[in-house]
Amino acid sequence: MNAPDPMSKYRVVGTRPVRPDGIDKVTGKAIYGPDFVAAGMIHGAILRSPHAHARIRSIDTSRAEALPGVKAVVTSADFPGQSAKIIAAGETSSSLRDIAATCLAHGKVLYVGHAAAAVAATTKAIAEAAAKLIVVDYEVLPHVIEVEDALAEGAPILHEHMITKGLDPAPDSPSNAANCLVMTRGDADAAMAGAAVIVSGHYRTVPVHQGYIEPHACVASWNADGQGQLWVSSQGHFDIRNQTASVLHIPSSDLRTYPLEIGGGFGGKTGIYLEPVAMLLSKKAGRPVRLAMSREDVFCGSGPAPGIVVDLTIGADADGTLKAIKAEFWYQVGAFCGSAVNSGMATLLGTYRIANAHLCGWDVVSNFPGTKAYRAPGAPQMAFALESCLDDLARKLDMDPLDLRLRNAVRPGDPGPHHVPHGAIGFVECLEAAKAHPHWTAPLGANQARGVAGAFWMNYGGPSTVSVALSGDGSVQVTTGSPDIGGSRASMAIMAAEVLQVPYERVRVAIADTASIGYSMVTGGSRVTFATGKAVVEAARKVEETLVTRAASLFGVAATDVEWRNGAAHCLTGESAGEHLTIGAIAAKAGQFSGPVSAEVSVNPLDYLPGFAVHICDTEVDPETGNVSIIRYTTVQDVGTAIHPDYVEGQMQGGAVQGIGWALNEAYVFDGNGRMENPGFLDYRMPVASDLPMIDTVMIEVPNPAHPYGVKGVGEAPIVPPLAAVANAVSRATGLPMRTLPLSPDRIWATIQAAK
Amino acid sequence: MTTLTYHAPRTREEAVALLAADPTAKVLSGGTDLIVQMRGGRAAPTAIVDIKNVSAMMSVLGNDGRYSIGAAMPCTGMLRDEGLCKAWPGVVEAANLIGSVQVRNRATMGGNLCNASPAADSIPALIAAGATVLIVGPSGIREVPVEQVPVAPGKTSLTAGEFVVEIRLPVRPARSSDAYLRSIPRTEMDIAVVGAGVSITLDEAGTCTAARVALGAVAPTAILVPEAGAALVGSKLDGAAMDAMAAAVRAACRPIDDKRGTAEYRTAMAGVLAKRTALIAAARAKGEA
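For the record, the sequence lines run as chains A and B. Position one of the first sequence corresponds to residue 1 (this note's numbering), numbered consecutively onward. Position one of the second sequence corresponds to residue 1 (this note's numbering), numbered consecutively onward.
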């Protein structure tokens, strides 16, 4: 399994070596967010709102401050004033005011679980007891959860300053609609009028959580001189630093931020919750402070993925050629405005050739935690609507659902969602591979049916900084600023080893703190293997160039007469012809040259390519109980070049599993007071291992010509199709439309009963 | 700040004295409910009385066809007693649906019973089995039917200083068996939306001579439905008898709408599960499964 493929043009790329961080992680030695301890550290606790919507009249902290062991109490009054300035916040952007209010409520609490005040004490137990002694005087306000309620006449308004953006003329009164975006292509009405077949549906999904195993945690230390340190588990410690420094009004460089191992993020660990609060507690206490969430805090106080309501209509010719698409949709984004609308538009326009479109999308705020990125943010919900509607079209036309998709799939050169033509994409190859897969024609039993769905995800590139340095013995140190979530240490080591033609084990990869290397954007947007990888390759090539130049000097020949091969410089001419100098031999002679061999490279590549996927899902529905079993599941994906195929397949399987959970049972369940009723893994029902078959993976490698090894992002596309793939299978098994998620047994049973 | 004292008595009398001395004291056997409740702030005892060291608490004893299961016997431990598994497959399978294998290596039927969740898996199976419990307390020993232990969600009929020491299963007539099924959205690590336990005895001709049907998660406590059992007696479990049994089951349901399922769904599922469970129990009684 670890032997190189003899047909491969690569030596190391495409092999499956053991990940360098694996042993520490499986033996419990790796230091995750809640594990880190600083000398003199004390413990914080946060008091969270019991109300979904309330004005804070006053906060009395005196009893908490009087409790022995309490060292600091913080409320939003301790935050500096915030402007509405928009700053980068992980994969998206937010206003400073919203970022600060997410960390500690300012004036109003906007959801049950909203942080209202915080304490730090010598033990966690004292801190928790002290938090309960803080008295918040609330004026409870009416609340809203569903988008229809939030947009209703006379609905309680979350943000008095929120005027819907994108409307002309601009409204003169505030509303819970943060933003409206309209996108048109061609003439959708005329094309729809000329369509031979029209299908439409009203689709709905509810908020779901990423469900990472590790709760948010950080340790903060504010020094007497005004500088500070942060130790965080996150998807990007540079962005965590920048957001924290921005709301605290301190220079970013004064806040040295150290990455800890991350136990899952999926987009949810790109923003800040605890960090500035821990910093303020540390400032008051004069001690390092740890803040860590419980699982309930994670569900009620961090950012789930938005729900959606979609009205979708598709028109097609009798041969299945798509003519027009019309959609109006509302993302249910929680307490603070989000930015999933763009992604929803891209999902509708990026996957299939559609010349005529009229799309209108809304961001709607309501009283649950502000949503955050979750793996292809905004796309799975919309793909559920699109791919379900396409399945209805296939049935109406009595057409094979893969043939329908093949007829309309975007091909290289077709306009992308933002009119830029698609590059070297492999969607057609994925659909053809799905059709040829034995799964597609395997027989089905009673109450079983097969669903299929396609996916487009844009992916990203963005800024990364990397250094590659040689030790005197020729071993290679790669340093990045990209936290390793999905095996990127291994992928970076593979790419450096490929360039320098040294064994994988000779390359070690470290993730440096913010003071030790230049900026890298978050690990998200499926960007790291592509963008950070590109920087690794460039830096390794610079190192190779230096090695060749130095070897040429040692051989007494021109650099062009030296060939780099098998981790050594080979002299091609002159007295030393046929001789070679290994990487170690050259590195050891650094003293004879201008210093140690190293190179640092910063990149900002935007020549990334999107990802495409096709999933096939077989379900069996128990008609008496509504229970759904996933009996077979196959994922096909255009992955570019798989640098480490195990981790690519892992992304495909993980995305499929998270999407299956989203389709079947995961949901935020709110009671009449806006309180989440299931803030734990017992009743927030993610799939367990016994719920799933082995997820089969088919990698379609259509390389990205803009990356030295052809890398495309692979982490997000696989969560886009499962919602529809599962729903389409259940719909075919029952003969009934399944347009509201999750497809929990009681919902399916009720749908079957209603149709009787 | 409160303090917590941990006690590990070796005798029933010591345990009773410790429990009687502190009204907040909690009994610990496997701890799979208690520790979670303490961590979640739902229980704050000042004393914990660990009963695992009390004699016979972690054993299964078979005697003349009867079984006595120690209250601190882990669920997975019961799987090792072949005779118990053969005589009471429904009870053993119900206890071995709780949580995960790791949880069941600690969790006990005694704890499951005294936690008094309406959705507890082992309780309907024990009620269907006609099981009793032995309770010791300051005023001595008493034996009561399982269905008399839980009185409301999280509440039992045990009085101050009392704890369950033993679960007793009666002698099995020939051609008798039992089964338990539950409805959950997932395949494990979940809480019953509905649970159904059925114990059945057939004569040589395959006619049902005795049947007990019990349900979980459809009322404030697990319930015995005598009308459902009566509907099966005298029949060969034909369609009409099964329909009558399911109708009696649905009529006995008093469920609530909650995050785990609607009342309507629960009632319907109780009927579906009771039928499926009865068929499994009957097949076992005939030696077919």
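Since the hints were derived computationally from the structure, they do not count as laboratory data. Remember, predicted model here, so these are calculated numbers, not experimental data. Among the hints, erroneous ones may be present.
Between beta-carbon pairs, the in silico distance windows are [unchecked claim]: (1) B:Met38 with A:Pro171: 32 to 38 Å; (2) B:Ser139 with A:Glu139: 28 to 34 Å; (3) A:Pro693 with B:Gly40: 48 to 54 Å; (4) A:Pro438 with B:Gln37: 31 to 37 Å; (5) A:Pro50 with B:Met38: 45 to 51 Å; (6) B:Gln37 with A:Pro503: 41 to 47 Å; (7) A:Gly40 with B:Asp258: 42 to 48 Å; (8) B:Leu61 with A:Ala30: 45 to 51 Å; (9) A:Pro623 with B:Ser100: 26 to 32 Å; (10) A:Ala30 with B:Asp258: 48 to 54 Å; (11) B:Thr207 with A:Pro623: 38 to 44 Å; (12) B:Arg80 with A:Pro693: 28 to 34 Å; (13) A:Pro596 with B:Met38: 54 to 60 Å; (14) A:Pro174 with B:Tyr6: 55 to 61 Å.
For glycine and all other residues, C-beta sits at the position ideal for the given N, C-alpha and C.
Here is what the structure says about each hint:
1. For the pair Met38 of chain B and Pro171 of chain A, the beta carbons lie near 51 Å from each other, so the given range of 32 to 38 Å is not met.
2. A C-beta distance of roughly 53 Å is found between Ser139 of chain B and Glu139 of chain A, which places it outside the suggested range of 28 to 34 Å.
3. At roughly 34 Å, the beta carbons of Pro693 of chain A and Gly40 of chain B sit outside the given window of 48 to 54 Å.
4. Checked against the hint of 31 to 37 Å, the C-beta distance between Pro438 of chain A and Gln37 of chain B comes to roughly 50 Å, which is inconsistent with it.
5. Look at Pro50 of chain A against Met38 of chain B: about 21 Å separates their beta carbons, and that is not inside 45 to 51 Å.
6. Between Gln37 of chain B and Pro503 of chain A the C-beta distance comes to about 53 Å, which lies outside the given range of 41 to 47 Å.
7. At roughly 46 Å, the beta-carbon separation of Gly40 of chain A and Asp258 of chain B lies within the given 42 to 48 Å, and the hint holds.
8. Range check, Leu61 of chain B to Ala30 of chain A: Cβ separation about 47 Å, and the 45 to 51 Å hint holds.
9. Separated by about 29 Å at the C-beta atoms, Pro623 of chain A and Ser100 of chain B satisfy the suggested range of 26 to 32 Å.
10. For the pair Ala30 of chain A and Asp258 of chain B, the beta carbons lie near 39 Å from each other, so the given range of 48 to 54 Å is not met.
11. Taken as a hint, the range 38 to 44 Å is violated for the pair Thr207 of chain B and Pro623 of chain A, whose Cβ atoms sit roughly 30 Å apart.
12. Checked against the given bound of 28 to 34 Å, the beta carbons of Arg80 of chain B and Pro693 of chain A, roughly 31 Å apart, stay inside it.
13. The supplied range of 54 to 60 Å is met by Pro596 of chain A and Met38 of chain B, whose beta-carbon atoms lie about 56 Å from each other.
14. Checked against the hint of 55 to 61 Å, the pair Pro174 of chain A and Tyr6 of chain B passes, with Cβ atoms roughly 56 Å apart.
Hints 1, 2, 3, 4, 5, 6, 10, 11, counting from the list given before, are not met by this structure.
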